[in-house]
Amino acid sequence: MKRWIPLIVLVLAAGWLASTLRPQQNTGEFDLVAFGRLPVLVNGRIKPLDTVARTSLLMMQGRQRVSDPTVAQPFVATPAEWLADVLFNPAKADDYPTFRLSATDSPELLTLMGLTEKETKITYESAVLRTLALADFVPGTRTRFSFNQLAPKLAELDRQAQLASPVDPQLRTPFQKAVMQLRERIMLYQRLKHSVQMPDSAGFLGEIVQFQKNLATGIAAVRARQKGEAHDEAAFKAMLAAAQRYDTMDQLGYLLTIPPAATDTDPTHWQSVGHTLLETFETGDINPNVMAYAALGSSWRERKADQFNEIVRLFGAQFTKRFAPQLAKSDIETRFNAAEPFYKSMQLYAVAFLLAIFSWLKWPEVLGRSAFYLTLLAFIATTAGIATRMWLEDRPPVTNLYSSALFVGWGSVGLCLILEKIYRNAIGSVAAGIIGFVALLIAHHLSLSGDTLEMMRAVLDTNLWLATHVVVVTIGYAATFLAGFLALIYIFRGVLTRSLDRETADGLSRMVYGIVCFATLCSLTGTVLGGIWADQSWGRFWGWDPKENGALMIVLWNAIILHARWGGLVKQRGLMCLAVIGNIITSWSWFGTNMLGVGLHSYGFMDAAFWWLLFFVLTQVAVIALAQLPLEKWRSFRA
Amino acid sequence: MTPLVRQFRDFFVSLKLTVWLLGLSIILIFWATLAQVKLGIWGVQEKFFHTLFVLETIPGTAIPVPVFPGGYLLGGLLLLNLVAAHIYRFKLEWKKAGIQLTHLGLILLLVGELITSLMQVESNMRLEEGGTMHYSESYRNNELAILDTTSPEFDEVVAIPEAVLADGGTIQHPKLPFQIRIRDYYPNAALQMRDQVPGAAPSPATAGIGPRVAVTPLRLTYKQDERNAPAAHIEFVGPEGTLGTWLVSPLLSAPQKFDYAGRTWELTLRFKRYYHPFAITLLDFSHDKYPGTDIPKNFSSRIRLKTDDGRGDREVLIYMNNPLRHAGLTFYQASFEKGDTVSILQVVRNPGWVLPYVSCVMMGLGLLVQFGIHLFGFVRKRSAT
Amino acid sequence: MWGPAMLSRPLACAVLVLLLTSGCRDREITAYRAPKDPVAAAPGPVTAGPLPADHPPVGNQAGGDATMANTAVPTGGDNLTWTAPAHWTAKPASAMRKGSFAIKDGDAEADLSITSFPGDTGGLLANLNRWRGQISLPPLTQDQLNANREHVDIGPLHVDVVDFVGTANGSPVRIIGAVVPLEGETWFFKLMGPDALVAREKAAFREFLGSVRPR
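Residue numbers (the working numbering), protein chains in the order written: chain A, 1 to 639; chain B, 1 to 385; chain C, 1 to 215.
Any given hint might turn out to be false.
Here chain B is said to cover these stretches of chain A; the calculated rule only asks that three of the stretch's residues, wherever they fall, bring their Cβ under 8 Å from a Cβ of chain B [as the list claims (entries may be wrong)]: (1) 362-373; (2) 420-428; (3) 532-541; (4) 546-557; (5) 562-572.
For the record, the hints were derived by calculation from the structure and aren't laboratory data.
These numbers were taken from a predicted model, which means no experiment stands behind them.
A virtual CB, placed ideally from N, CA and C, is assigned to each residue, including glycine.
Build out the structure end to end from the sequences listed, making use of the hints.
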């Protein structure tokens, strides 16, 4: 029977993964799935509205769910439904709590926005929840607020933002940073609202139909006035007002929703609704796509599901012919969003980690094998996820900090699987579980800053170097981390348990040594390749840029480990301690250098991350201190 | 061999020294990375890497004290350590080939970096569309140029580096019929029209635009995208006495003119110029963005390169990751200005540029061979058990 | 082992020699013959033109001049008023200009343009450096800008005033300018012309600025 358990685990988990691939289902009568698949052009690429909805929510409030702790049901079933409300029924969306403001980030900002304890404090009806809130099991304060709650103080926010904006971003106080961030979030929301209609319009469809009707007389009036002739003042004023409204939409609108005219061969010539409406002054006819979005809006507001679904269907159909390749990508992207391969892998890694740890205590064969299978499945899922991203972008795997986190996790786990295949002692699975989980967790937090499939700036726009330098260096990071984590396992098992027998210890030592060799190879090659890239594009092989320095520090550290071992300067324990320091150095060059805010490479400034980095470094130092216990005090080595 | 010599040898060939040097290098690099926030990338290179020792002044005084080995010292010792160890332990052995190749590559890399840090000259060429340039300009160093513009064909230039101005004093040069006396010098200063600053101290300037301008000294900036704008008051003295005192600063637009000794002179404090024996004309600059964004997708400059000797005249397209190499110089697309009509090329002279490429190949091969041997041995051992 | 052997003499000497020779290079006074600089490209006539060559980018306005909407409709509200001195001649406002004046003195003519654009149009530094570029002055850094601008409060308005002298077509040209952020827009008052004339009109310009009020 026991023999079958790992296989059963494998089949169950595989089935669970496969279930995420089935098409999304609508929860209500509106076909929001098809709506979410409609393509728009934003930030330089054509993407589905579903992605726009998810990334916007992540950027504004750090999560995709729209809910309040005191309300049982989320306000909307899917991000796409939220986006439909923002685009078509902003009056309703203005009440959704979608702006994150937390006293832990900046209490002054709450004060500035006029949010007092009355708004932030949550009082639960049930006594149970109240007790739980005291113990911090359920949130005791509200951290997300609606546009309407913030609206009265927007002028104040603007003023503070104007004061803060000349300050160097690195020198801003937490309050100034929070002000700028909230303003950006509100700008994003406002720009979304102006994407397909004027948010203050009572009925945008009616408005533009009326506009179309008056267009001829209006233009006549404007022409007459320009010539200084007698003209219909009312018609002129109406034209002026309309033009001003559409100009505002064009200036603010975030999404380019109107595809290029059928005669235009360049698939990137998308336009905003506002711009297209301004063009009406020349053409005399309102673009049918603008009409379609307006009609979609009115059917959404009036809850006419049949009409809505029909427009989405017809509207979507016109894209299938003209934008087949783009649509194929945007469809896959929607499925990819819904399948959440990285989130699912994270769960699998966590389970695999626990199983592998327990395998050292009981049933090593059954649990160890199950853990291996789960790790393998998670690895396959991450591989599929990364491959999908590569296909969507037409890029090598690592293009920004987010994808580097994915790839570091992927690379480490891949090496772990090889180790596990060779040694079969669950060490590989434990390391894979923890590194895979943490790397994906880091990636999740990095994804909060926006769409993770971004366009590459000109200097980075070279698949050759992205595929060589960046990939090799990132694998170097992954290997150095893996060596460090294996060393952690050695120290923990040696000091705290009796399970580190001589054979395991020697095995671990060989693993660490092998991985350090591999890390040296990758980080040295990667760093030198980076130098050559720099020579190609900036004219210097080495510029002492923080990111370059970080990579060099990893190379040097790995070289130190190897030379110290070759020279007999360190034994097993020393090797492990050095490998743990490798963790510190790698985390510094991966994230710490980005926090300095100088240099050509800094592609992300993250404040909260600084404390996590510090925390991580301190834990590593603590482990090294722990390893300094005399060997006879280690539980495994006690006679 | 005397014991002392043996001690020396043992010290320089030891792996312990290698490990110590590598460790100190890591600390140096980390420290320098942190210091970059304050000092900027150039300041850090001078203070930490292109030096034997990192110097810090004793607080309250200007006395520099070495506090840490600098890049040259650590790099030099590493080089010595490497070379010595290889000479001492060298054995022609197939098993060691990988590691030896790697280290040889490393030696080459260190030597290459030394050459680069000593010989590399970087400058900028700022080209307007349709414009032609004979020279490139430094973006950190200034020079006081005194031009004899009497001839209609060419200018006779005497260029005095800013470092000489900073020393103050008097300069006499065979090409100049007057002495140059440096009255004062500020490494970074803002200029304002004097009528805007009611309380400004009287200006030492007596000629040119100087008397109308007030000079306010500023702190030096180390930011990578900012330049210091020095200012100085320069007095010219002929045998018959003073000719006047001029204010010079790169913030003044046009050179100031005066006549003396029957010739026309111009003086200007400008970015140091490097004249080249060829001319570059910008035919077209293009700058693509991703649709609907301001994210740059590509920059490229179509230029015409014409040598003075009339032998070369060709069109070249320079774009990101695709520089032009000509006459020992390399031209990179660096930046652009003014609504995409001005292209800025970075011009680098680095005689050692090819060394890193060679050493990269050597190290990559060496490591591959070395770890290949390891892996092969490991796999064989495992399959045997 | 760590004693005097730390420093290898020959190496240190070699490095020192290299350092010294390279150091000398930066301090050498050089003399050479150079081709004459081409005359700087003319930054356009100082007095004329309905469009200042430097106007900040405004959405689609630049590309879409042909559409009627753009010729007939001013963007942004007209929410400032001012009173000009009597000897300034008002010129007709255009699509870009909210107000326009000519100040003449014989042949010399200075031009005052009043423009407004939504947003902060790239920040004060960028805008002022664009002005400097027009009169062949190099751009300023933030610190240099801070030393160069004068901040005045006119009623409820916060105004930055600058004064630059440079050259255009070989003759001295001066710009006295004021930048006024108001309700999400930025207003630019730019007086540009021959140095002597603009210097004389400076007092009048300051008085004129004092008359600017929100509507």
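Establish whether the coverage given for the stretch 532-541 of chain A by chain B is satisfied; the threshold is a Cβ-Cβ distance below 8 Å, and no fewer than three residues must meet it.
-> holds (count 9)
Are there three or more residues in the stretch 420-428 of chain A whose C-beta lies closer than 8 Å to some C-beta of chain B?
-> violated (count 1)
Given coverage of the stretch 546-557 of chain A by chain B, checked by CB-CB distance under 8 Å (3 or more) | holds (count 7)
Coverage criterion applied to the stretch 562-572 of chain A (partner chain B; beta-carbon cut 8 Å; 3 residues) | holds (count 5)
Go check the stretch 362-373 of chain A versus chain B for me, would you? Three or more residues, Cβ under 8 Å, otherwise it fails.
-> violated (count 0)
In summary, the structure is inconsistent with hints 1 and 2 from the numbered list given earlier, while agreeing with the others.
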